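Engineer: Given next are the chains, with one letter for each unit.
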Amino acid sequence: MGFALFILLLLVAIGLLILTQAWPAMQEFGLSFLWTSSWNPVEGRESFGVLPIIYGTLVSAAIALLIAVPLGLGTALFLSENFIPLKIRTVLVFMVELLAAIPSVVYGLWGIFVLIPALRWFFDLFGIFFTGPSMLAASLVLSIMILPIITAISRDSLAALPPELRQGSYGLGATRWGTIFRVLVPAAISGIVGGVMLALGRAMGETMAVTMLIGNANTISLSLLDPSNTIASLLANQFAEARGIQVAALMYAAFVLVILTLIVNILADWIVRKLQAKY
Amino acid sequence: MVDTMPMTGTATDVVLRAKDCDMYYGSLKAVRDVSIDIPKNKITAFIGPSGCGKSTVLRCFNRLNDLIESFRLKGQMTYHGQDLYASDVDPVEVRRRIGILFQKPNPFPKSIYDNIAYGPRISGFKGDMDELVETSLRRAVLWDEVKDKLPESGFSLSGGQQQRLCIARTIAVQPEVLLMDEPCSALDPISTLKIEELMKELVQNYTIIIVTHNMEQATRVADYTGFYNAQVVEGAGGKVGYLAEFGETQKIFNDPTLEETKDYVTGRFG
Ligand SMILES: Nc1ncnc2c1ncn2[C@@H]1O[C@H](COP(=O)(O)OP(=O)(O)O)[C@@H](O)[C@H]1O
Ligand SMILES: [Mg+2]
Chain A
0 MGFALFILLL LVAIGLLILT QAWPAMQEFG LSFLWTSSWN PVEGRESFGV LPIIYGTLVS
60 AAIALLIAVP LGLGTALFLS ENFIPLKIRT VLVFMVELLA AIPSVVYGLW GIFVLIPALR
120 WFFDLFGIFF TGPSMLAASL VLSIMILPII TAISRDSLAA LPPELRQGSY GLGATRWGTI
180 FRVLVPAAIS GIVGGVMLAL GRAMGETMAV TMLIGNANTI SLSLLDPSNT IASLLANQFA
240 EARGIQVAAL MYAAFVLVIL TLIVNILADW IVRKLQAKY
Chain B
0 MVDTMPMTGT ATDVVLRAKD CDMYYGSLKA VRDVSIDIPK NKITAFIGPS GCGKSTVLRC
60 FNRLNDLIES FRLKGQMTYH GQDLYASDVD PVEVRRRIGI LFQKPNPFPK SIYDNIAYGP
120 RISGFKGDMD ELVETSLRRA VLWDEVKDKL PESGFSLSGG QQQRLCIART IAVQPEVLLM
180 DEPCSALDPI STLKIEELMK ELVQNYTIII VTHNMEQATR VADYTGFYNA QVVEGAGGKV
240 GYLAEFGETQ KIFNDPTLEE TKDYVTGRFG
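Chains as they are written, first to last, in numbering that gives the first Met the number 0: chain A, 0 to 278; chain B, 0 to 269.
Heads up, some of the hints might be wrong.
[Said to hold, decoys possible] In silico lysine to aspartate or glutamate, EDC-like type, Cα no more than 16 Å apart, as pairs:
#1 K250(B) <-> E195(B)
#2 K148(B) <-> D129(B)
#3 K41(B) <-> E68(B)
#4 K41(B) <-> E195(B)
#5 K103(B) <-> E163(A)
#6 K146(B) <-> E133(B)
#7 K273(A) <-> D129(B)
#8 K109(B) <-> E163(A)
#9 K86(A) <-> D222(B)
#10 K28(B) <-> E68(B)
#11 K39(B) <-> E133(B)
#12 K250(B) <-> E233(B)
I should point out that these hints are in silico values taken from the structure, not numbers from a laboratory. Computed from a predicted structure; not experimentally measured.
Same shape as in the complex, but just chain A (with noise of 0.2 Å):
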């Protein structure tokens, strides 16, 4: 109980720190603040909008979700249903669980060093200039970062089932694939939502790999081979240098992205409530 309300505390404290830090934006931007292109530092010029890289923060989450929820799903079942002998089951939970302790400046220098160079190499074959630094290479390395959080959360809710529902299934003469599109995946999916919502605010923070990788362009572009930028990744790369009024305008970005994760959570607790009454 004390521990919740220190939790609490600390919640508020920190929201207060960075309302004060954004307040003296706020009142010069407004709300403008957040469909404005232009980001200015420049002394005597300056002008703060956050709109491409909202976009560019929520495109990367939703690119990387699109790839790591199949993935993480399937291999979850692969992982949790005896399509393989359990001890080779054991050990790829253990590789799965281990990709979610690769420090994220690891995953940004593998991109740089390995994904990059390949996908440069790919769009080459069909005469695609690739510049490397790109939304793509970013929501690539994304997908893998959050792929562990969706495997290791969809396999123990499917773990978690119980076992007489399984064999229900099957006593009632369902195939494999029937049982567990029909029966387990349902009986799961609170559980998995839930992986998937983490996943999503993991996503959405995610700093240090994607300052590497996305390109840091303050510009909304269609192409996934250009470059763009995230919230997180314009604080960890203007916060060093910003004085003045560029503080407060980064401290908006970031108030900005507590209230989108807000929202991502409440919604994500509302998709399961909603799921959870219907079974």
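Fit chain B with the ligands to the known structure of chain A by using the hints.
Structural biologist: Just chain B with the ligands, lined up with the frame of chain A:
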């Protein structure tokens, strides 16, 4: 499949037959030398102390043990004379004909309606689903209690109702045999009696095997009873189960051949 001959005299059809079956979990021999004939349209009870292989034998009859990686069966099991474990037999098809019910009611996390419709849907049922759901629920004597709340979750029912829902769900696939593994041991006495009534009703159309720890239940419902016992052996596991005695329920309870059967049915066991 349709039996046009009127049942006369004492000759009963054998639906399931086990011949010299040994069952293993990995290197552990769990059950040995089971030979039994399960008569059609009768209730056969399996009784005996825990761990002597009643569930193992039961699950063999619809190949549910196939799901356990380490499981192995030696010997022959037939269904209407056909080898159940022949390589061209599809276990999925076997389980549609030979349904199973477990100790703990295990409705799916779906609506009452969808619980019943699940089996028919996966086996490609094309007819009137509403009607099938209704007849299945009626046969399981649950219709009147649930007809107004078919879209509600199966979990909203009481334990006894859930078990009858599971029976209805099994019936909906139109099996020929019902295997029941201690179907009443998690239920209160009133629900238990309801299920027993239901079994007597169902046995006109189905062949039933029930595992039970409740000896009164066996005497109340079963036409035939098999008593399983276990024997201490050397090595891992320490004991192996076997079918000690099998016969008409009357005989098993009132005039058993073996001393061990007598000890068990009179409660002087162990
Ligand atoms: N899935 C399993 N894996 C390994 N051993 C098992 C398994 N199921 C049952 N056994 C073993 O087989 C023996 C018979 O068990 P069971 O058939 O459940 O007995 P009963 O139903 O008569 O209580 C027991 O010794 C039990 O430990
Ligand atoms: Mg048992």
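Engineer: Work down the list of hints and note, for each, if the structure agrees.
Structural biologist: Tested hints:
1. K250(B) <-> E195(B): Judged against 16 Å, a Cα distance of about 21 Å means the pair is violated.
2. K148(B) <-> D129(B): Satisfied, since the Cα-Cα distance of roughly 14 Å is no more than 16 Å.
3. K41(B) <-> E68(B): violated, 32 Å
4. K41(B) <-> E195(B): holds, 13 Å
5. K103(B) <-> E163(A): holds, 8 Å
6. K146(B) <-> E133(B): Status holds; Cα separation ~8 Å.
7. K273(A) <-> D129(B): Outside the cut-off at roughly 26 Å; violated.
8. K109(B) <-> E163(A): holds, 15 Å
9. K86(A) <-> D222(B): Outside the cut-off at roughly 46 Å; violated.
10. K28(B) <-> E68(B): holds, 15 Å
11. K39(B) <-> E133(B): violated, 26 Å
12. K250(B) <-> E233(B): violated, 33 Å
Taken one by one, the earlier hints fail for this structure at numbers 1, 3, 7, 9, 11, 12, listed in ascending order.
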